[in-house]
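> Protein chains in written order, with the working numbering: chain R, 1 to 327; chain A, 1 to 327.
Treat the hints with care, as some may be off.
It does not matter which identical chain is meant; a pair holds if it fits inside one copy or across any two.
List of simulated lysine-lysine pairs, DSS-like, C-alpha gap at most 30 Å [said to hold, decoys possible]:
(1) Lys321 to Lys141
(2) Lys36 to Lys232
(3) Lys109 to Lys321
(4) Lys110 to Lys136
(5) Lys36 to Lys204
(6) Lys120 to Lys30
(7) Lys138 to Lys109
(8) Lys230 to Lys120
(9) Lys138 to Lys321
(10) Lys183 to Lys136
(11) Lys109 to Lys141
(12) Lys136 to Lys321
(13) Lys36 to Lys200
(14) Lys200 to Lys27
(15) Lys34 to Lys109
(16) Lys138 to Lys183
(17) Lys292 to Lys190
Worth flagging that the hints you see were computed from the coordinates, not collected in a lab.
Here is how the chains run, residue by residue.
There are 2 protein chains.
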Amino acid sequence: MKENENITLEMGGGGQKSAELIAEIRKVIKDVGKWKNTQDDGAVFSLGNENLIFTTDAFIVDPIFFAGGDIGKIAMCGTINDISVMGARPIGISLSIVVEEGFPMEDFKKIISSINKISKESGVPIATGDTKVIEKGKLDKIEITTAGIGLAQNVIANGGAQVGDYVIASGDLGEHTVALLAKRFNYKTKIKSDCQPFNKIIEKVGKYLSACKDPTRGGLAANLNEIADKSKVKVILDENSLPYKKEVVAMTELLGLDKFSLASEGRFIATVAPRDIKKALAILNKFNKEAKVIGRVEKGRGVYLKTELGGLRKIEVPRGKLIPRIC
Amino acid sequence: MKENENITLEMGGGGQKSAELIAEIRKVIKDVGKWKNTQDDGAVFSLGNENLIFTTDAFIVDPIFFAGGDIGKIAMCGTINDISVMGARPIGISLSIVVEEGFPMEDFKKIISSINKISKESGVPIATGDTKVIEKGKLDKIEITTAGIGLAQNVIANGGAQVGDYVIASGDLGEHTVALLAKRFNYKTKIKSDCQPFNKIIEKVGKYLSACKDPTRGGLAANLNEIADKSKVKVILDENSLPYKKEVVAMTELLGLDKFSLASEGRFIATVAPRDIKKALAILNKFNKEAKVIGRVEKGRGVYLKTELGGLRKIEVPRGKLIPRIC
Chain R
1 MKENENITLE MGGGGQKSAE LIAEIRKVIK DVGKWKNTQD DGAVFSLGNE NLIFTTDAFI
61 VDPIFFAGGD IGKIAMCGTI NDISVMGARP IGISLSIVVE EGFPMEDFKK IISSINKISK
121 ESGVPIATGD TKVIEKGKLD KIEITTAGIG LAQNVIANGG AQVGDYVIAS GDLGEHTVAL
181 LAKRFNYKTK IKSDCQPFNK IIEKVGKYLS ACKDPTRGGL AANLNEIADK SKVKVILDEN
241 SLPYKKEVVA MTELLGLDKF SLASEGRFIA TVAPRDIKKA LAILNKFNKE AKVIGRVEKG
301 RGVYLKTELG GLRKIEVPRG KLIPRIC
Chain A
1 MKENENITLE MGGGGQKSAE LIAEIRKVIK DVGKWKNTQD DGAVFSLGNE NLIFTTDAFI
61 VDPIFFAGGD IGKIAMCGTI NDISVMGARP IGISLSIVVE EGFPMEDFKK IISSINKISK
121 ESGVPIATGD TKVIEKGKLD KIEITTAGIG LAQNVIANGG AQVGDYVIAS GDLGEHTVAL
181 LAKRFNYKTK IKSDCQPFNK IIEKVGKYLS ACKDPTRGGL AANLNEIADK SKVKVILDEN
241 SLPYKKEVVA MTELLGLDKF SLASEGRFIA TVAPRDIKKA LAILNKFNKE AKVIGRVEKG
301 RGVYLKTELG GLRKIEVPRG KLIPRIC
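With these hints in hand, go ahead and build the complete structure from the sequences.
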């Protein structure tokens, strides 16, 4: 990255340029002390008999209200889910809000109510918070940052996938991005954001997962490449079992988007050993009938789609212009 | 707070209106689960043999570079210090950055370096993070939210002050606000921001403090009223021992500000039992010769300044227009 370069939107999109910016930051901030898994969804600190998990996420979603949720709901779900994919039980959330002067109190209260609803639904309390107000015109409405703490006996690491494992999705993907874009473009669709906390699902199924991630920014493409890379394996997706609804695929074709980079905010993908796959799917299907096997883990590197005709198409980490402000 | 009201700058200033907004939020988000001290600088979660402390702070400081620091330094110090005043040892920080498209990479790197410097100086690692980019014109340059985790054997609560205790300041106050305003108004002064992490000072002196707070937004006036209120005591400040430098007082007079509401970002005030005061001051003076007794705790309620002539002037929680974006 050159000195005279400026920050670009792509650097926040969750794709290749995001990874490069984070690498730049970690080139300077190298020392992580006793923390482990600092490149995973949550960092891990051993307390001796159990592990502390710590994660954070900033939300600048546009629009702030959309079908199936709002910025408050997504800020809660994003952090609860990042703790959950590490195999941890979330114990508390910090809630930091920066709001523009003149923001309607009624909307503010709606967002706070939405945050409270997810806190109750997930059983994860707001432990601490901060609220700042910025002059009118200096922020687009509202920004929320949540951080979260979890406790785990056994950590699920991004690098835990094993050759022979099944790849599963906890439900259909990409509905969060589609719901947001539909609202932006005033496009009619039945699709709602998939935004939801899934800590209670992981509580039941976590012990069967060898690796787990939630496909937010960068979607399935970014997630699977990260798992393949960190686990030093190859992932083969089956084109006949892709976890996308027809309406979602139609919307991506209409807008010229890549479905593999669409974001979800209430789904996870995971790898499961063959001995556990039946038990894992039985649990997952109690929560969501769409949960299914979408691929396998093999020897090698990279992520590939096995087409109906038997060909292999490489699924790359998303590059270039990604949709901004979906989370 | 009325439904048709809008968010105002005062609601983020750290004074009376801020307290009202937080009260509104806590009216909705009531359930804090097993967390305690959720109205203190950090919330407390018992792990059995020790306590977890959790805190967060959003920083929208303007200007982002100033004499004695920058937004990165202040974001680190603010959170490290909020954990420290709870009597805890900070073990990790989460770093969430929202940056405007087009922000110069050189400035971004300066801020990251500054964050790294404080991380090394304080011995508190960055465990996890998130970086988002927002379209040009949708944010004033950069916003940073840090959250932090600490571990404490014995928690220092805001409500721990006892009748008879001394009130101390760890150094002169208000220099952070003055340095920021000087940069904004292009006013020449030797005053630099007092921004610094004080976790290593608290490590030594913490055991002698019955209550402790860092006078950021709302300054000494907000801090002491909170301690007096939560501890159900009266605080009497001595006019002859006020912790303000001449240049700081001159600047407040020039700008018509109240010195008692000026923010510091590297100082704390605390209460200390008479039996410990000599030991506490001896330790504090090793770090800063300005550390001194500034008042006493008595029976009653409220915060008062004892004037040279023996009169008592009430020091209220700051109301109305506070300086925006000092932290």
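> Each hint should be assessed against the structure and marked as holding or not.
Hint check:
1. Lys321 to Lys141: Both. Shortest intra-copy (24 Å) and inter-copy (21 Å) distances satisfy the 30 Å Cα cut-off.
2. Lys36 to Lys232: within (18 Å within a copy, 43 Å between copies)
3. Lys109 to Lys321: between (34 Å within a copy, 23 Å between copies)
4. Lys110 to Lys136: both (20 Å within a copy, 27 Å between copies)
5. Lys36 to Lys204: both (25 Å within a copy, 28 Å between copies)
6. Lys120 to Lys30: between (37 Å within a copy, 10 Å between copies)
7. Lys138 to Lys109: both (21 Å within a copy, 22 Å between copies)
8. Lys230 to Lys120: Between copies only: 28 Å across, 35 Å inside.
9. Lys138 to Lys321: This pair counts as both: shortest intra-copy Cα distance 25 Å, inter-copy 18 Å.
10. Lys183 to Lys136: both (24 Å within a copy, 21 Å between copies)
11. Lys109 to Lys141: both (14 Å within a copy, 27 Å between copies)
12. Lys136 to Lys321: Both. Shortest intra-copy (29 Å) and inter-copy (15 Å) distances satisfy the 30 Å Cα cut-off.
13. Lys36 to Lys200: both (25 Å within a copy, 24 Å between copies)
14. Lys200 to Lys27: Cα proximity of Lys200 and Lys27: across copies only (26 Å, versus 36 Å in one copy).
15. Lys34 to Lys109: between (40 Å within a copy, 25 Å between copies)
16. Lys138 to Lys183: Classified as both; 24 Å inside a copy, 19 Å across copies.
17. Lys292 to Lys190: within (22 Å within a copy, 66 Å between copies)
In this structure, none of the earlier numbered hints is contradicted; all agree with it.
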